[in-house]
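**Q** Sequence:
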Amino acid sequence: MAQGKMKVKTNFERKPKKAHKPLGPKKGAKVIAPKKAVRIKENNLKSVLQKSINASIERELANKAGTRSLSVVRVESTDADASEKVGNKKLNKKK
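So the sequence shown is numbered by my numbering: it starts at 1 and just counts up by one.
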């Protein structure tokens, strides 16, 4: 006869299995960064111009919304916009 107690099987906490990402091509256009110096400069210039165009469009929309007394549109100002507003306030105080 066997002597001693029976061994107890322990239950380990099991971690949930991670969901696998679907394989295959990813959606969207793939952009390959330029390697030549001229192309890099062109790309940087293009991004700067696009940012300035978007900022001017937002300013125009904010002005139109302000003149039509619409307070629903809210545009976050950039550092350049904030400095212009401070300069305009100083000019208005002198008058």
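Derived by calculation from the structure, the hints in this document are not laboratory data.
One or more of the hints may lead you astray.
Restricting the straight-line Cα-Cα distance to at most 25 Å, the calculated cross-link-like pairs of lysine-lysine (DSS-like) are [unchecked claim]:
hint : residue 1 : residue 2
1    : Lys46     : Lys30
2    : Lys51     : Lys36
3    : Lys35     : Lys18
4    : Lys30     : Lys51
5    : Lys51     : Lys64
6    : Lys26     : Lys41
Since this is a predicted model, take the numbers as computed values, not measurements.
**Q** Report the numbers of all earlier hints that the structure fails to satisfy, in ascending order.
**A** 3, 6
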